[in-house]
Each structure stands twice: as structure tokens, then as C-alpha cells.
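Colleague: Starting from the structure of chain P, add chain F where the hints point.
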Amino acid sequence: MKLVYKNIIINAVVSVLILFIGEFSFYVFLKNNIEKETIEHLYLERYFMLRKLAKGVDIDYFNHNIGDELKIEAIASVKHDVPVLEDAEMEEPGEEEYFASKKIVFDVMQKGKAYRVSIIKTIDEDEGLTGSLAALIFISALLMAAVLVVINVFVYYRLFSPLYQLIRDIKRFSVHKLQKIDPPKTTIKEFMTLSDEISKMSVQMISDYTSMKEFTENMTHEMQTPLAVISSKIERCIQDKDLTHEQAILLTDVTKAVNKLFSISKGLTLLCKLDNKQYTTLINTDIAELVKQRIHYFTDFIENKQITLTESYSEEVSVSMDLSLSEIMIDNLLKNAIQHNVEKGRILITLENRRLTIANTGHATEPLSNRNFDRFYSHSPNSSLGLGLSIVKKIVDYYGFALSYRHEQGLHSIAIDFQA
Amino acid sequence: MNILIVEDEVNLAKEIAEYLSDFKYHCQQAYRYDESLRLLEECEFAVILLDLKLPDGNGINLIHYVKRKKIPSGIIVLSANDELDLRIHALDAGADDFLIKPFHLSELNARLKALIRRNFHKGENVITYNEIKVDVPKLSVTIHDKPILLTGKEYDLLLYFIANAGKVITKDAISYSVWNSHSDMDVSNEIIYTHIKNLRKKLVAMGCKDYIQSVYSIGYKFDHR
Chain P
0 MKLVYKNIII NAVVSVLILF IGEFSFYVFL KNNIEKETIE HLYLERYFML
50 RKLAKGVDID YFNHNIGDEL KIEAIASVKH DVPVLEDAEM EEPGEEEYFA
100 SKKIVFDVMQ KGKAYRVSII KTIDEDEGLT GSLAALIFIS ALLMAAVLVV
150 INVFVYYRLF SPLYQLIRDI KRFSVHKLQK IDPPKTTIKE FMTLSDEISK
200 MSVQMISDYT SMKEFTENMT HEMQTPLAVI SSKIERCIQD KDLTHEQAIL
250 LTDVTKAVNK LFSISKGLTL LCKLDNKQYT TLINTDIAEL VKQRIHYFTD
300 FIENKQITLT ESYSEEVSVS MDLSLSEIMI DNLLKNAIQH NVEKGRILIT
350 LENRRLTIAN TGHATEPLSN RNFDRFYSHS PNSSLGLGLS IVKKIVDYYG
400 FALSYRHEQG LHSIAIDFQA
Chain F
0 MNILIVEDEV NLAKEIAEYL SDFKYHCQQA YRYDESLRLL EECEFAVILL
50 DLKLPDGNGI NLIHYVKRKK IPSGIIVLSA NDELDLRIHA LDAGADDFLI
100 KPFHLSELNA RLKALIRRNF HKGENVITYN EIKVDVPKLS VTIHDKPILL
150 TGKEYDLLLY FIANAGKVIT KDAISYSVWN SHSDMDVSNE IIYTHIKNLR
200 KKLVAMGCKD YIQSVYSIGY KFDHR
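Chains as they are written, first to last, in numbering that gives the first Met the number 0: chain P, 0 to 419; chain F, 0 to 224.
Just chain P, with the same shape it has in the complex:
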């Protein structure tokens, strides 16, 4: 969730809560006050009435002169000396509505006769006022809240624009473009610190990357050239007509060691480049097509071990990859499936549900696990370096695919999931 929305939601929830509580207390307070006023008014009327009665005003006079609903009835004797207050309801003339009212009942003596007087006064006409007042306040508060939210959004975007700019820059930042992040212009101290630090980090990253790249390049060059010298010297040695069998064996061993060194340097350079994200060229690759094409190069090896190869491609899967990386990935998987296979074994290649599985028969006792994907982990002594599968793993990770290994029914299977 965006910071600004989070903030607005918190603000809105809090203000709505406060608004409701405020409204409610305002309403209760107002209503109580009005009720109190009404009751006071009723007492006051009783007071005036008693005073007028004391002055000898006829009781009938009140029937015409008290505005509120008044009822006077003759009774046998005075019972309620003290006035009684009770809730009542009053019918609006012409409308079938009842309004909450207060009624005061008291007995009086006039010219030797006892009367019961009850005065009713609605709280309601005032209550209508309470309602509209509350509504008015509610609406203006709501309006204010809405305006606040709008203002908040604007201020936020303005205030936080350097932050958003920075986020955009970080997203766009890629170390191999060798372009540092420029801190956005801002006067806010926190943002200034943040963007300065990030800018510094980007500079550091670029310089690390550059030196790493230089190191990789140097290593390849520095190592490859002496290796080339060694192998050329060996080639000359073996041309010697007086070469003995022992010497030939020695030279073969040296050649093997040189080849191993060469593949190590080549493999490590590749892993290094992958770590450095130095592969940026993307080509749409049809996986089925690629596998078929690469298998071609291994036909002799497959035939030599008398391996039965079964291929099934049930769908077309196209992924964006660097050409050489996709070839290396498939080659290493095929190589692995052939190297660790048994004579007259099987290789099953399936492509379905965007998943490429290469399964092969092999020695069941081999301790296989995810360690297979570790650098230099090699479980059979006759095999080449343990780099092959870790290179596959790196390439798979590089493009966000998933690599998995399973061993069931005597088949070792490695699968790559090309997510949609």
C-alpha cells in the first residue's frame, strides 16, 4: 500500500471515529439540556399559575391563556401537593405521529374546589432543531474531513516527491549501465540524507562492479594466455620423433591437467559474469527447438553408451534468454544426463506445463541432493568438475526459473520450470 493511502486511511478512520463520538455527545448533551429547559418551563408555568390563582384569578382563565396543552379537571380532594413529573406523548394534529413530551401534574384548591392540572409540553419541536443542528455539524465535519484528505494527498505528493523520484531512480538503476543515482533536489533533511547515501552506494557499487569486471577479464586473459603457451609447448614436445612411451603418458597427464585448469577458469569466469549480471542480451528461444538442436551435438556420446533417448515435447515454450547461456544450460544438463548414465541406460526428455524435465538412469547409490548444484560438488570420481550443474543452477536463478531435482523409480530427474 502506498504511504499516502495508508496515511489517509489512518486519518480517515480516526476522524470518522472522533466525528461520531463528538456528534453523539453533542446530541446527548443538547437533548438533555432541552429536556431540562422543558421541565424548568413546566415548573415555571406551574409557579405562574399558582401565583395567579393566589391572586384570585379564575381557573377557567388558564384554559385560554396557557399555550401548552392544559387539562384541568375537578377532583374530590387534593392528593398531589407536590407536582408529579412524567413522560408523555403528544399527537400532532392531523398527523399520525407522536412526539416525546413532558407532563407536569399537580393539584390545586380554588374557591374551595379541588382541581387536577396537567400541562404537557413537547420536547419535540426543539428536538427537530437538535436533529438539524446535529446534521449540519455532521455534514460540515464530513466536508472538512474530505477537504483534509484531498489536501493531504496533494501535500503528500509534493512533500514526498523527492522520495518517489528516488524510488524510481533506484528501480531504474542497473549496475552495468554504469550510471550512478543522482540525488533528487529536496530541502527535507531526511530525504537529503537518504538520497545522498543511496547515491554514494550506487557509486560504490559501480566501482566495485567495474573492478570485479576488470578482475574477471584480467583473470581470463592472464590465465588463458599462459595456458595457451603450455598447451602449445606440449604440442611441440609430442612432435619429437624420439618421444618415449613414458614421456607420452606424462605429457598426456599434463594435457589433462591443463584442460581441467582451462575448464575451471572458463566455468568460474562464467559464474562470475552471472554473479555480475553481465548477460543482458535477450533472444526469444524456443526451448523444444533448442534441446533438439543441442542433442545433435551429443548423438555420438549417446550412441557410444547405447543410451535410449525418448523425447516428448507437448507444447511450445518460448523464453527470453541470452543465446550462449541457454545453450550452456541445455548442454550441461545433457552432459550430466550422459556422464552419469549407465551403459544401455535411458534418457527421457519431456516438455510440458512450461517444465523441461531431463531424466536419466544412473547409479542409485549416489548421494544426490541439492548439493549437486553446489560449486565443485562432484559425486563420481570419473566425472568432470562439479561445475556443470552449479552453472545450470546459476543460469536458472539468473532468469528467475526454478530448478528441482528428484529421484524416483531409478531415474534421476532434473527439471526446469519456466514460469509464465
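No wet-lab data here; the hints were simulated from the structure.
Do not take every clue at face value.
Unchecked claim - The calculated DSSO-like cross-link candidates involving lysine-lysine, where the alpha carbons are at most 27 Å apart (straight line), are: (1) P:K70 with P:K54; (2) P:K265 with P:K1; (3) P:K304 with F:K68; (4) P:K304 with F:K196; (5) P:K265 with F:K52.
Modeller: Frame of chain P; chain F shown alone:
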């Protein structure tokens, strides 16, 4: 035929020159960029073997120079860097071939010969070795003028052997050149053996002399004894 070797590693340049001189190539060596420019002014070279990383300049610039001056030499790049981009860059600039270090001298020799054949014998690209004739554009081989049917791999092997006739070729070099560098496969020796055995059988059956000799455990030699 003159060959210019532009390579800052003196030892490597020397070995290349030594190997190629056995095939009647006259090699001159330049260890620096400016040296190579001077040599290019002085004489004409059929092929330039060019290392891209020189102490005083980039080999790519030399390719541009050769193309700009319309020097008719072929160029084979020798590079320690196997990045695809670089390869494309070099070939775009006008290099004819690209070889990654470390390479086998026999491989370099085979490529060099192929390039010379393409550049200087355009009309008729036929390799002859005594009774063997290989018509490269047609991919056909005749023994005593009778056609012989070879598989793709056998054809590649034969071509490679003839190019390096008289030299011992390691199994590694053969596997690299003919089997596309899957030399780290542990079965490669057996496969090479099988294919060479088949090739020998086919050649001998056609009345060809058995030129292919096995040299201890290290490799093979194509030679008239």
C-alpha cells in the same frame, strides 16, 4: 606464404611460428600494435593472426586499419575472451575467424589453411594428398579418383588430418575440433577411437594407403611413413 603473428606473449608467438613453419609458412612476429603497423607497411601477409589485447592498443583497431587500407590479408583473431559480443564485434569489423585461447596449434593450422583456401583459391577449392582428393565446396572425397562415402564426422576428421599432415595431433585437439569442444566428456576417447577406426577401414578398403598412425596414448599422426 607470409603470416603475421600479432601477439604480446612472446612464448606463444614463437610456438605458433615454429609450428606453422613446418607447413612452409613464413612467419613474422609483432609483439606490439605499432610494430604490427610497421610490418604491414613493409610486406604483404596472406593472413594476420591477431591477439585483441595488446600492450599499446586494441586489436580491433588493427582490423579497422587493415580494412581501411584495403590490405588483402585474411585475419584470424586469437582471444582469451570468449564473450559473444566481442566475437560479433571482431567479425563485424572484418575478421575472418575467431579462435579462443587456449587453442590447439593443429586447430589454428587447420583454420589458417581453410582461410587461405577460401581467400586464394576461390575457383577451385580442392585439397590433394597423394591419392586423396577432397573437394571442399562439394564436401566430396575421392580416392584414386573414385568417390568414397564418408559420414560427416569422418569427413571432418580426414580434413583435419590432412591439414596437419606429418604432425602428431592430440585426442583433445581432435575432440575439440570435430566434436565441438565437448572434450570434458569422459567418453570422448572411445568415440574418437571408433570413428578413426571406421575412417581407416573405409580408406584402406578403397585402396588408400593407411596414413593414420596412433601415437602412444597421446594422439594420432597422419603421415606417409
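Colleague: Run every hint past the structure and note whether it holds.
Modeller: To see whether the hints hold, each was checked on the structure:
no.: 1; hint: P:K70 with P:K54; in the structure: 21 Å, holds
no.: 2; hint: P:K265 with P:K1; in the structure: 46 Å, violated
no.: 3; hint: P:K304 with F:K68; in the structure: 54 Å, violated
no.: 4; hint: P:K304 with F:K196; in the structure: 17 Å, holds
no.: 5; hint: P:K265 with F:K52; in the structure: 18 Å, holds
The structure shown violates the earlier hints numbered 2, 3.
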